[in-house]
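Number of protein chains: 6
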Amino acid sequence: MKHYTALVFSAHAADFVWRCGGAIALHQARGYEVTIICLSYGERGESAKLWKQGNTTLAKVKKARREEAENAAEELGAHDIIFLDQGDYPLELDRESKYKIVDIIRKVHPDFMLSHSRFDPYNTDHMYTTEIALETRMIAQAWGHNPGERVLGAPQLYLFEPHQTEQMGWVPNVLLDITEVWDKKRKAIECMEGQVHLWNYYTNLAENRANHFRRNSGGQAGGRPAKYAEGFQAVFPRCVDEL
Amino acid sequence: MKHYTALVFSAHAADFVWRCGGAIALHQARGYEVTIICLSYGERGESAKLWKQGNTTLAKVKKARREEAENAAEELGAHDIIFLDQGDYPLELDRESKYKIVDIIRKVHPDFMLSHSRFDPYNTDHMYTTEIALETRMIAQAWGHNPGERVLGAPQLYLFEPHQTEQMGWVPNVLLDITEVWDKKRKAIECMEGQVHLWNYYTNLAENRANHFRRNSGGQAGGRPAKYAEGFQAVFPRCVDEL
Amino acid sequence: MKHYTALVFSAHAADFVWRCGGAIALHQARGYEVTIICLSYGERGESAKLWKQGNTTLAKVKKARREEAENAAEELGAHDIIFLDQGDYPLELDRESKYKIVDIIRKVHPDFMLSHSRFDPYNTDHMYTTEIALETRMIAQAWGHNPGERVLGAPQLYLFEPHQTEQMGWVPNVLLDITEVWDKKRKAIECMEGQVHLWNYYTNLAENRANHFRRNSGGQAGGRPAKYAEGFQAVFPRCVDEL
Amino acid sequence: MKHYTALVFSAHAADFVWRCGGAIALHQARGYEVTIICLSYGERGESAKLWKQGNTTLAKVKKARREEAENAAEELGAHDIIFLDQGDYPLELDRESKYKIVDIIRKVHPDFMLSHSRFDPYNTDHMYTTEIALETRMIAQAWGHNPGERVLGAPQLYLFEPHQTEQMGWVPNVLLDITEVWDKKRKAIECMEGQVHLWNYYTNLAENRANHFRRNSGGQAGGRPAKYAEGFQAVFPRCVDEL
Amino acid sequence: MKHYTALVFSAHAADFVWRCGGAIALHQARGYEVTIICLSYGERGESAKLWKQGNTTLAKVKKARREEAENAAEELGAHDIIFLDQGDYPLELDRESKYKIVDIIRKVHPDFMLSHSRFDPYNTDHMYTTEIALETRMIAQAWGHNPGERVLGAPQLYLFEPHQTEQMGWVPNVLLDITEVWDKKRKAIECMEGQVHLWNYYTNLAENRANHFRRNSGGQAGGRPAKYAEGFQAVFPRCVDEL
Amino acid sequence: MKHYTALVFSAHAADFVWRCGGAIALHQARGYEVTIICLSYGERGESAKLWKQGNTTLAKVKKARREEAENAAEELGAHDIIFLDQGDYPLELDRESKYKIVDIIRKVHPDFMLSHSRFDPYNTDHMYTTEIALETRMIAQAWGHNPGERVLGAPQLYLFEPHQTEQMGWVPNVLLDITEVWDKKRKAIECMEGQVHLWNYYTNLAENRANHFRRNSGGQAGGRPAKYAEGFQAVFPRCVDEL
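Protein chains in written order, with the working numbering: chain A, 1 to 243; chain B, 1 to 243; chain C, 1 to 243; chain D, 1 to 243; chain E, 1 to 243; chain F, 1 to 243.
I should point out that these hints are in silico values taken from the structure, not numbers from a laboratory.
Model, not experiment: these values are computed from the prediction.
Some clues are possibly wrong.
Copies of the same chain look alike in the list, so a pair counts if it fits in one copy or across any two.
Stated by the list, open to error - Derived pair list, reagent style DSS-like, types lysine-lysine, alpha-carbon separation capped at 27 Å:
(1) Lys-227 - Lys-107
(2) Lys-2 - Lys-100
(3) Lys-2 - Lys-107
(4) Lys-52 - Lys-63
(5) Lys-49 - Lys-227
(6) Lys-227 - Lys-187
(7) Lys-49 - Lys-60
(8) Lys-49 - Lys-187
(9) Lys-2 - Lys-60
(10) Lys-100 - Lys-49
(11) Lys-107 - Lys-52
(12) Lys-2 - Lys-227
(13) Lys-49 - Lys-107
(14) Lys-60 - Lys-100
(15) Lys-227 - Lys-98
Using the sequences plus the hints, can you model the full thing?
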């Protein structure tokens, strides 16, 4: 029996929750094993609340963010979450770190991958992460990289929804119904105690993407009554037997 | 048991053959009923060989083109082919003609539609056809158009491959394996006696799109050995349960 | 004292409510006179609920939609609402109708105009309306059109937010804080009894656009605490004395 | 000996002067016969100065604009200038008028064509003219249009420089050195007595495009010392024997 | 009383003069304190005249370019000009250098920032500078970067006009009237003794941008009579109370 | 007598063969001296067949790839082929390596350059190579880089055809007839023993690009009967005396 897997690239510890928490929970529920790579904890740039409280250290902030992310991953039922601790604002990876990611890709051997939008003028870590995702995907496909290892095929790369989509040039071409796992996603969201101001935002968004799902699946003449959805932009053409 | 259908918009009599003949034959083979609408015969602009022979008339050219198209549709096993005879170079439809197309759309009630690329500086009939496809799709969705009729849902519109894709801004996001019906497509192509110079072109193209299919389905690490393929650009996001 | 005015193009009766109801109410509150032109009632294509009830006529539907739109305009405090009754799905204007719009533009002499996005594959009436807005703006600027009349200057054209923004290629470059008039917009929304399924959608959207407003006005280091906002895409460069 | 010809589409009487007067004069000087089609006189929309003087009529304005255009064409040494008098703001052509243009295209049998940019939110007549240029080029290529006539090949279509290029999405991929005919272009410009405010503008522009010519032909390491240039955007790929 | 500031990123010593000298002088005149960061002197790549004279050294060229830039900054009345001396052709910054820029950003705490276009195939230093501007803006917003320091809000980033705008994909959405400070900009331009060939170019450009300013502020029906202007592309949406 | 030269950037050893082998052979036949720079051997990522055979080493694979590339260059009659051996998957160059390339550029002093497409989500080495081509072209133009050396002018950069053009945003604006050198290109292709699956692909492609050449040079009304062609995207505007 085929074993299905997926791999998520998250620039900072919390990104995977807001942007594809539903996809993670849903695919786990469908039998996939979903692994999350957090390239950084978002300790410097996405932990304002902790720093505002004062009297803290980088180590403490990282620890707090890691716990939040682990709790969220658990709520989503993720198979695994890996922290690379590469630093944020800015995130920068050397060749060794890239090879570590290639090792993970080859080990997970994902049926599909998830990452950030290609462009983000607000947050260069996000677009850098997708550069890394494309580069490491390519290396994992090289027969001459660690010869003898199982070589990666050509998994789809889905770009999950960025904040302020239009400014990022992100256009969803797939809408995923996450109604059945919404409770899990909401619980994972609530693990992000440092970013309470975003809980309602991403709930609104999931409801509105469900409206898009209903429209694109038939509208008032029979659209499917999804209540919560997530959008994704597939980078590569998909290969089918039937349109 | 659900009855599946598809609807193809062809600006001129032969367009459907080169651009989506494989999709037509394949879906027929899968149990779909595929209906083709030829908005014109391409009698003025795409029948150079007949006109060069001289001693002919518009009526004769139309007849010849119609026969070719009917033969091709038969080779593909198409459910139906409808000729609207709206004239070509330029193609222009009035409101009544649009309503006739709406009638066809509602009658066929397609699960998906196929049409030309959105932009074509070489051939304005092609892009006009897609404007019409979008406009009539919208009208067919209106509850107030011929109230009481069954209203159209939200079928996907796939844009089939134009000639000189890059000049048209066309980007395929779906690749369809047509290997099993290639013989039918090739026979349909050979019905186009006035355009022999294109037979080899579209055979080459199908082989090369199959190369793309193999790459995107896994490449040298397990890509599917498709021999012939067609590319399509889906206009609307697709709605899924699983990525 | 300068008299400020604005002019809104609404393809169908309800469009102005969802998409720029806040801008209308806010500018009225600031002393502008805002005039709305509804090119159609949306009687065929955007009145599904009424047609589903059955036992109705086009005239009745138009009447119902008109009343809703008038009520909404009143809630927003709009200066005037004009119904051109040009039909919908599809909307089509002849030269005389365009000239009527030019007459309105010249009479209102707007400081800015509002219309739909430039592209909309779901709804060709929407993009057609913006073509008309640009064309009639140009005619209103012609010194030789009804010579002697006051000629239009160069008012900005703002494109208001379409449904499924990313599919329309719409990118907001202006965010407007509508917190102080949100109650009016919500009341106007509630006038749209045939489209209850959209009330929550556009409330979510206004909240989320306010999040964008907060981010772009300073974020966690002093962003303005807007609660509701609307986004717009300015078509023309703006002329300033200071950046 | 081959006879070379070119054909210019000018939406309004003066457009050809500002935008490609240099190309006209230069190609005439090189032995081409350049024919200009003015689709309208720009009588309503581009004759503000005449209308401001008052006490005039449409007929008088047309006459004045025609004379200016004829004078300019003469200064440029143009082979022919044809006035179609189709009205402006807005410009609209019916099928018969399109066929008249096809007749001209076939008679001139141009080696290349010139027209406006594809997009122009300020002036919809401009972009409409290029739609017409593409459509009539296509019809002129149809063997079934007036069978027996000499059929058009595939002349390049160059889009000349619009006002406010960046707003029009126009990108020049050809720079033409017009230094040797600059005096003629300047004289033609000075025929446009109603638009004195543009004389300096287009002189500045020609000087600055020459700077671009110098840069792209070698810069400080040997760029050609052009003093005046014009930019064009070729629509179709060019076919060459050598890069 | 609020203290207004602005920060300019200049890849090479002279860039700020041609591209935003007017904005600098104007905002100084309006009470802003404008700080300029020159990432390099343009000593290798933009000092051809000095190198052609021969008998010089890198140190001498840097000194000459620095003096020119200081003189120009003084003519413009700039508050401060900082030279980072990071080398040019190519410009490359390490993490420490980025942090120095972050320090400057936080110290200046700009109300808006200015930098190069996002793309420039002629000059990769230019686009690299804007990558740095976006990255350092992000770092300056991080609460965990040098905790305790005042964190940056969300200042607008304006991209100033590149050479050959259309090749850079740069589109101005703001036009600034610099008539009142034109004399200062011209004097600053004349400080650039090594680039006399550009003096006329940028004077022409300022005149032509003023034409655009007049058109977009009302045209022949009341446009403002600006004589010199500069164009800018705002990267982020602006947040307003009124359209 | 002027001496003409061209310079080709090839990320991996075989790229130049498939993508511009015809241009190389043709220009050599026309008297140009064409130099090829292979930045890497493609030893890790594009040598699957060798690695699949097993029992090999990186050194052996490099050697095999080098021999293939040298043989191919010889079949094409290339003037010179230079191997920089910078490693692949990923390819990365430090400053010293860039300077080596600058040395080559200055020595060759090319009339035009060739490189990969600007974007390639499948293969980041490809787009990186074009970044390097633009950056080193810029450095080679700097009068202050190795003062005294002959400075580069402004050679055109042509982007050759990538695999799956539409996914790369590559649009050809030049079509080159390579019929007379096709045999040489085919022989060069057949040197690539590790990539037999691509021989037919690139033969099909050359035939189909010839179809485009025929269309764009006149179509059925006199297009030139090219049998094999290659497409290129010129990055910079070309400077001409005649359109």
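Status of each hint after checking the structure:
1. For a Cα distance limit of 27 Å, the shortest separation of Lys-227 from Lys-107 qualifies neither inside one copy, at 35 Å, nor across copies, at 31 Å.
2. Only within a single protomer do Lys-2 and Lys-100 lie at most 27 Å apart by alpha-carbon distance; the minimum there is 26 Å, versus 49 Å between protomers.
3. Taking CA atoms no more than 27 Å apart as the test, Lys-2 paired with Lys-107 passes inside one copy only; the shortest distance there is 15 Å, against 42 Å between copies.
4. Taking CA atoms no more than 27 Å apart as the test, Lys-52 paired with Lys-63 passes inside one copy only; the shortest distance there is 16 Å, against 44 Å between copies.
5. Taking the shortest Cα distances, Lys-49 and Lys-227 sit within 27 Å of each other only across copies (20 Å), while inside one copy they are farther apart (31 Å).
6. Taking identical chains as interchangeable, the C-alpha atoms of Lys-227 and Lys-187 lie at most 27 Å apart whether they share a chain (17 Å) or sit on different chains (24 Å).
7. With identical chains, the CA atoms of Lys-49 and Lys-60 are at most 27 Å apart within one copy only, with a shortest distance of 13 Å there and 50 Å across copies.
8. Proximity of Lys-49 and Lys-187 under a CA criterion of 27 Å is satisfied intra-copy only: 20 Å inside one chain copy versus 36 Å between copies.
9. Taking the closest pair of Cα atoms, Lys-2 and Lys-60 never come within 27 Å of each other, the shortest separation being 41 Å inside a single copy and 36 Å across copies.
10. Taking identical chains as interchangeable, the C-alpha atoms of Lys-100 and Lys-49 lie at most 27 Å apart only when they sit on different chains, with a minimum of 25 Å there against 31 Å within one chain.
11. Taking the closest pair of Cα atoms, Lys-107 and Lys-52 come within 27 Å of each other only across two copies (19 Å); inside a single copy the shortest separation is 40 Å, beyond that limit.
12. Taking the shortest Cα distances, Lys-2 and Lys-227 sit within 27 Å of each other only across copies (25 Å), while inside one copy they are farther apart (31 Å).
13. In this homomeric assembly, Lys-49 and Lys-107 come within 27 Å of each other (Cα to Cα) only across copies, at 22 Å, whereas the closest approach inside a single copy is 36 Å.
14. In this assembly of identical chains, the alpha carbons of Lys-60 and Lys-100 lie at most 27 Å apart whether taken from the same copy (25 Å) or from different copies (26 Å).
15. Taking identical chains as interchangeable, the C-alpha atoms of Lys-227 and Lys-98 are never at most 27 Å apart, the minima being 39 Å within one chain and 35 Å between chains.
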